[in-house]
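All chains, please: the whole structure from these sequences, using the hints.
The listed protein sequences derive, respectively, from chains W and E.
Position one of the first sequence corresponds to residue 1 (our numbering), numbered consecutively onward.
Position one of the second sequence corresponds to residue 1 (our numbering), numbered consecutively onward.
Keep in mind the hints are simulated off the structure, nothing from the lab.
Some hints here could point you the wrong way.
It does not matter which identical chain is used: a pair holds within one copy or between any two.
[Stated by the list, open to error] Keeping only pairs whose Cα atoms sit at most 25 angstroms apart, straight-line, the calculated DSS-like set for lysine-lysine is:
{"no.": "1", "residue 1": "K30", "residue 2": "K202"}
{"no.": "2", "residue 1": "K29", "residue 2": "K44"}
{"no.": "3", "residue 1": "K121", "residue 2": "K173"}
{"no.": "4", "residue 1": "K54", "residue 2": "K10"}
{"no.": "5", "residue 1": "K55", "residue 2": "K121"}
{"no.": "6", "residue 1": "K173", "residue 2": "K95"}
Note that the coordinates shown come from a computational prediction; the quantities given were computed from them, not determined experimentally.
Protein chains: 2
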Amino acid sequence: MEKFLSLPVKKQNLIIDAALKSFGTNGYKKTSISDIASAAGISKAMVFHYFGTKKELYIYLVNTCVDSISTEVVEKFDDSITDLFDRILYTSKLKIALMEKHPNVPSFIQSAYFENADEVKEEIRTIFSKDDGKTMGQEITFDGADFSKFKDDIDPNLVMNMIDWISEGYMSKMADAEETDFDELYSVFEECMQLFKRNFYK
Amino acid sequence: MEKFLSLPVKKQNLIIDAALKSFGTNGYKKTSISDIASAAGISKAMVFHYFGTKKELYIYLVNTCVDSISTEVVEKFDDSITDLFDRILYTSKLKIALMEKHPNVPSFIQSAYFENADEVKEEIRTIFSKDDGKTMGQEITFDGADFSKFKDDIDPNLVMNMIDWISEGYMSKMADAEETDFDELYSVFEECMQLFKRNFYK
DNA sequence: ACATCATAAACCGATTCGGTCAATTAATGT
DNA sequence: ACATTAATTGACCGAATCGGTTTATGATGT
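Listed below in structure tokens is the structure:
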């Protein structure tokens with residue numbers, strides 16, 4: 001592991017991104033170290049040199065992802081923002097900042113959360129259990145948000161459901177977008193939230 | 001192939017669903033016939049007995065999926081429905097009817113559309129090229145829909161984007177829902193469309 | 001009783017798996 | 001210039017799995 005951490009950060013990220021992508025799309029069992037190595041442009045032997053075993057690499061990825069989400073989304077979250085749509089925009093912005101560093105983190109933790117391979121599933125559960133599931137979903141966004149501004153005939157639960165779907169769809173488009181689309185996609189998302197504000201609030 | 005088609009339909013569907021699921025989530029190369037066989041509760045030898053080769057099975061699946069989407073969604077589509085949200089609800093209902101027969105069709109055709117394995121990609125392209133891409137996406141829904149009812153300050157393009165995201169998110173929740181959730185999920189979706197009607201129309 | 005068929009276990013050669021190692025190359029110190 | 005060390009990889013290992021075939025078994029109809 002120290003071997004890997006003493007690498008130039010650029011190269012570290014190259015390898016991590018390749019691994020996150022492979023594991024995230026194909027799961028633990030269906031991902032081979034060769035896949036990761038060739039995607040990262042290095043030899044298979046180097047991956048083992050850096051991480052020891054496949055399992056160690058995987059667990060390392062889960063830990064660093066949970067950590068980075070925790071420090072870059074959960075901790076940076078601003079509780080003082082009470083407006084629901086502003087909250088969504090804010091967390092969305094935080095997530096995008098994360099994705100600019102490592103685009104494949106979201107799909108990877110999602111996949112890891114449901115991973116069932118015997119060799120890793122227990123350790124994964126313990127890692128996630130320490131975290132109250134804060135790294136997943138959008139509980140943070142809704143908890144303590146202000147729902148009182150809605151028109152009286154609008155069901156807040158319905159709105160939450162809708163937002164859940166919309167941000168899932170939005171994020172999945174984000175995931176396989178080129179870097180250029182990134183900003184444009186976000187600005188459309190922003191307009192969307194403002195549309196809701198204008199039409200759903202009293 | 002005749003071997004397979006002379007099976008009781010129940011068993012046919014069991015095998016097809018197992019194959020759609022495996023290929024859809026893991027792609028062509030990463031899916032093994034053993035995966036499919038054990039998921040369907042039969043022996044590996046039987047799959048080869050029915051379909052000959054892995055490739056033949058895959059191509060068969062693509063063809064039947066394109067066919068069934070074409071006959072059960074595209075052809076049944078009702079052009080006389082002009083209201084945008086009614087259109088969305090209607091196509092959504094058609095898709096759900098399809099998913100009740102074969103829950104994994106959407107994820108499979110999506111995966112097949114982007115499949116890159118050398119052994120099958122050319123044949124896939126020719127299959128899809130005959131179809132004008134009507135089996136994919138929601139072009140049908142938007143083409144010829146009536147956007148004139150929206151309030152003047154609402155951008156139709158923005159709404160289309162939003163709907164694109166929302167139905168993607170909604171469908172992905174649908175994909176891994178149990179049968180009981182099915183109806184409830186749809187009724188929430190229905191409420192959602194009505195919410196839009198009430199608040200976005202003049 | 002025999003011929004037919006569906007079925008799966010055992011098997012085939014080939015490939016790929018996770019993982020190691022020797023050997024080559026690049027970097028470093030002197 | 002050379003010796004030493006570290007970085008990197010191609011070749012390799014046994015085991016597992018791949019796509020696909022063959023064989024053995026048992027049920028069925030005649």
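For each hint, the structure was consulted:
1. Taking the closest pair of Cα atoms, K30 and K202 never come within 25 angstroms of each other, the shortest separation being 51 angstroms inside a single copy and 52 angstroms across copies.
2. In this assembly of identical chains, the alpha carbons of K29 and K44 lie at most 25 angstroms apart whether taken from the same copy (17 angstroms) or from different copies (20 angstroms).
3. In the homo-oligomer, the alpha carbons of K121 and K173 lie at most 25 angstroms apart only across protomers (23 angstroms), although the nearest pairing inside one protomer, at 29 angstroms, exceeds that limit.
4. Taking the closest pair of Cα atoms, K54 and K10 come within 25 angstroms of each other only inside a single copy of the chain (22 angstroms); across copies the shortest separation is 40 angstroms, beyond that limit.
5. Taking the shortest Cα distances, K55 and K121 sit within 25 angstroms of each other inside one copy (11 angstroms), while across copies they are farther apart (33 angstroms).
6. In this homomeric assembly, K173 and K95 come within 25 angstroms of each other (Cα to Cα) both inside a single copy, at 14 angstroms, and across copies, at 21 angstroms.
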